[in-house]
Structures are given as structure tokens and as C-alpha cells.
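Engineer: Let the sequences and hints guide you as you build the complete structure.
Each protein sequence line maps, in turn, to chains E and H. For the first sequence, my numbering assigns the number 1263 to the initial residue and increments by one for each residue that follows. For the second sequence, my numbering assigns the number 3 to the initial residue and increments by one for each residue that follows.
Where hints are given, some of them may not hold.
Stretches of chain E that chain H covers, calculated by requiring three or more beta carbons in the stretch to come under 8 Å of a beta carbon on chain H [as the list claims (entries may be wrong)]: (1) 1333 to 1340; (2) 1369 to 1379; (3) 1431 to 1440; (4) 1514 to 1528; (5) 1586 to 1597.
Keep in mind the hints are simulated off the structure, nothing from the lab. Treat the numbers as computed from the prediction; the structure is a model and nothing was measured. Ideal Cβ positions, reconstructed from N, Cα and C, are used throughout, including at glycine.
One-letter residues, chain by chain:
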Amino acid sequence: MHDPEKTLLEGSVSEEILQKWEARGVNRRDFLKFCSVMTASLALPATFMGQIAEAMEADNRPPVIWMEFQGCTGDTEAFLRANQPTAAEIILDYLSIDYHETIMAAAGHQDEAAKNATVEKYKGKYIAIVEGSIPMADGGVYCTVAGNSALNIAREVCGNAAATIAVGTCASYGGLPAAAPNPTGAVSVSEAVPGATVLNLPGCPLNAENLTAAIVHFLTFGKLPATDSFGRPKFAYGKRIHDNCERRAHFDAGQYAEGFGDAGHRQGWCLYKLGCKGPETFHNCPTIRYNEGSSWPVQAGHGCIGCSEPQFWDSMTPFYRRLPQVPGFGVEATADKIGLGLAAATAVAFGAHGVASALRKDDDSTVKRED
Amino acid sequence: MSTLEIRYVWEWPVRLTHWFNVISIIVLSVTGYYIGDPFVSVPSTSSYVMGWMRYLHFIFAYVFALSWIARLIWMFFGNRHARFLAFAPWASRDGWKNIIGTFCFYTFLRRKVPYAVGHNPLAAMAYSCVFILFLIQIVSGFALYGQFAPGGLWDGIFGSLLVTFGNQGLRLTHHLIMWLLIGFAIHHVYSAWLMDIKEKNGTLSSIFGGYKFIDPDEEN
Ligand code: HEM
Ligand code: SF4
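Structural biologist: This is the structure in C-alpha cells:
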């Protein structure tokens, strides 16, 4: 039977490329699906599919050095488990991952040598990926790999890379390690290596699909995608969660869950009053979701905590309240309690003033009394 | 006491912006409070309570902003009670005398109210602060508003504030200033009423009609 979708998809990718991928064990449907998902993720018109397929075909598999510093390996987990039309497989097959502490077979001096060899040989050509923040305090002693500080490693590896991708909020903005009082002096990659070309892919963890799409963009166009004022690619962080949320109709209607497990919560009402930070957070979670598109926090019934925003651990807390604490007041004092107190105090003060003013004897020598 | 003079003190742009401000602040505070704490939950998904609240908030946000700008422009063209200097009594010696005099009157240290044709100096200083609070409210408001369309007009103008002060910082500021303005409104209405009684020159009605009844002997 004639399948219009198939014709459209296959029409733009040459038979030759499809056959090559089939020879590598990726069936054509999966490869086409991969290309179309990437095109869509990057918000490109469908006509770019062919170009993306060709970019994946060029014979210069870029080497990748993946470094892990002060992080939790959540981004590695997210990426290795990525499964969107075998996205990870395709991209992992395609890239040459020369160094990745969690998955590499080599150990010790051997893999240090592999890393150094890549930096030497592919200077200015390889992709550096950083996971975790970089501690600056006390000369960077709080995170060392093979006796070298994270700071030194990042400066060398990111400084010589064609492009650096900071994966996760820690690498992008310092994340949890940098939360107040930031004992290790943790900073982001772009702060630690100011000269490097860095793309931030924050999120806790980042969404593997955005990483795959960012790499594909780099391979296809030879440069990193356009970013917003926080160095995040617009294709993934260009829209606010709140504006694409599936619970938005309940927000506009005025239907809010007041507590976890209450009637409103069970009916999927908006999580605004439970402190959802969707109105403050830019990320494509509602559209691409996590884990093969199966779910994301708000869908699962928990408000957004703003994990892809800079300093979220300090600025988005308390997580279960909408507004931050008013500096200088106790934890129980919300902005409204303080405000109401202020308004009441004003009213009482002026009320008292009014009574006193009414009772006082004025100088009214100029007033003529009516008889 | 000589014959009272009828003086046109508050010209129409002053009165007009004053009342636009009053209406906007009331609507913005009610809708803003609801936005901050949606205290009514409705049973039907086809309602649009928050939707209307935000819609009204944004309509009156424009009204308020335009009113602020119009008043700013009138600072250059209005009479002496409407200009910048009228709001900066601290800038002159006479002003200082009046500030101290009015302060003493409010604190019951002096029986006779210092006479003011335009703003009393303490009120004038309060208005200077409030004028700035209005500006902060408008700027933080439009910065928050701009988020629905990154790269759009408002994001382009005020988006950098979201980077400098943080989204939550701006929200908290926007929210707290509402309470400061409510506090101001209480003080303002009370003081106008008090001065209406004590100055006996038609202060309250002057903001409706623009006229005050001035005793030239008392003027200083
Ligand atoms: C007297 C002036 C105003 C008052 C008293 C006021 C009050 C408020 C309050 C209390 C909130 C809730 C904040 C929160 O808890 O998150 C709010 C939200 C907001 N206000 Fe205002 N506001 C004023 C003027 C403006 C102006 C001039 C704008 C300009 C567009 C504006 C735009 C907004 C926006 C965008 C929000 C957030 C709406 C949302 O998150 O859905 N406000 N306002
Ligand atoms: S659940 Fe959060 S993101 Fe979704 S509509 Fe409600 S406040 Fe917005």
C-alpha cells in the first residue's frame, strides 16, 4: 500500500545512505525516524532532513571527550538510556567517544594517554562534553582526576576543543555544588574556561534528546545552535514550560491542586499552588518529555522545580511555594503575611493618628462659625 | 483673614492621571493578588477565572504605564505644582522649613498646620517615592510579561532584568511592592482627609475639580 509518510521521509534521504546504515545494523525506518525527530527537535523545516542524513554520513567522525567533575552522573545515565529511535545508538555509533569515565574500557594511565592523544591529534576539532561543576576554591583541590584538578583538565580540554557542550545544570551554571554557601567555589564551565565556545544544556538531568539534537546540529551546520541569554540553545529552551504545559487549561480556568493527593490533584489540576515553577522555567519538557517521551515531572503530578534555570537550588526554593522567602524574615513569613501585616500596621497607625487629630485643639482663629 | 481666592491648582492632566492611577492600582492589586494566590478554585474546566484575571491585569498594566508616562511628560509642561521641583521639597531652604513644620504638625508638636497651596512637603516626598515604586512595578511587570514571547518586544526591552535580578527576584519584588502601594493608599486617603479638615481649603474636592480656596495671607 502507498504510505505517504514513508514517501515523504525517504524521498529526502538518498537510498545510498539508507543502505549504508542498514549495513551497520540500523534499519532504514529507525534511521529516518531519527532524522525526522532531530529535524523536529531543532525546529527546522522537514526539508532539512536530507542535509542531516548527509551530515551523519560524512567521513569525519568527530572524537568526543566526555569529562565528569562535580556531578552525579545523571546526565551520563540520561544519555546512555536515551532510546528515541535508537538515538543514542546512532549517535554513539557515529561519534568516536575517546574518553568517558563511566563507559570506557581502559583505565588508569592507559585512558589518560588516550585522552591526551585525542587532544593533541584533533586539536580544535574534537567535541568536549562536561558534566558537573568545577570547583575553584583552594586551587581546585576539591575535584581531581588522575592527580590533576578539574580546573586544569577543563582548561586544557575545553580550551582546545572545536566546541564544548556543558551537560546538566552543574556544568552549565554550577548547579547543586554551587548552591549557597558553595563550599568548593563551584562554577560553570563557561566561568572556569572563559575563552571556550560553550553550549549550555541545563536540566537535572539534561534531556538526552536535546544533547543528541545539539550534536546533530553541530555536525550538520558546523556550528553550535543559536542560544538565549543564558547560553542555552533556543530550540530546546526557547519556550516557557508554563506556556506548553498540558495542565495549562486548568491554570487558566482557575483549578488548582491544593495538596498532594487531594481531589484536584487526582483530577490532574494545575500545580501552581503547590509551588510549580513552570511559569519561571524555559525548557522543552512538556513537548519532548523524558525517557522516550514517556513522562515529565508535571505529567507525573509534581510541580516543576525549575532545574534548568541558573542557580535554581537557591532561586527556585522553597520548591513547594510559589515565591521565594522575603530576605530577613523567618521561613514561615510569606510575602503576603508580611504585606498584610504592613497594611494593617499602617491602618492602625493612621487610625490612631486620626483619633488624636480629631481630639486635638486646632488653631482655628480664622474660622467663622455659623450661628 | 482677607478674601479667599479661587485657584486652579490641579490641571486636568494631573487629575486625569491621578484617577487613572487609582483605578489601575485597584484593579491591578485585586487581579495581581489573585494571580499570586488564586484563592478561588472553580469546579468547571470551562471557566476562565485566572484567564480573565491575567487579561485584566495586562489591560490595566498598559493603562497604568501610559498614565505614568503621561504624568512624567506633564512634569515638564504643567504648572509649578505639577513639575519636578514640587516633588523635591528637600531641594530648597523654604522646602526644608515646610518639611520640618509639617512633620511637627503630624507629630502633634505644632498646632497650626503649615499652609500649602500645592502638595504638602511630606506628601510630596511620599509621591516621589511612590512615583519610583510605580516605575519599578511597571518595569518588573513588563519584564515578567515578556516571558510569554522570548525575543519579542517586551523581552527585548526588559529581558536583561530577568538575568540580573532573576525571575523569582522580580516576582517577589513585584508582589511586595503591591503591599507597599496598599500601605501608601491607606496613608494617602487618610492624609488627604486630614488636610481637608485642617487646611480648610478644599483639598479633597480639589482632586475632582482642580480648585482650591486659598487665603493669600496664609500662603508662605
Ligand atoms: C500597581 C501596579 C501593579 C500591582 C499592584 C501588581 C500586582 C501584581 C501581583 C501581586 C502579582 C502576583 C505576583 C506573584 O505572586 O507572582 C502580579 C503579577 C504580574 N504582574 Fe502585576 N502588578 C502591577 C502592575 C503591573 C504592570 C504595569 C505589569 C506590566 C505588564 C504587570 C505584569 C504582571 C505580570 C506579567 C505578572 C505575572 C503574571 C503571571 O505569572 O501569570 N503588573 N502583579
Ligand atoms: S502545572 Fe505548572 S507549568 Fe503547568 S500550567 Fe500549572 S503552573 Fe503552569
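Engineer: Tell me, which hint numbers fail for this structure?
Structural biologist: 1, 2, 3
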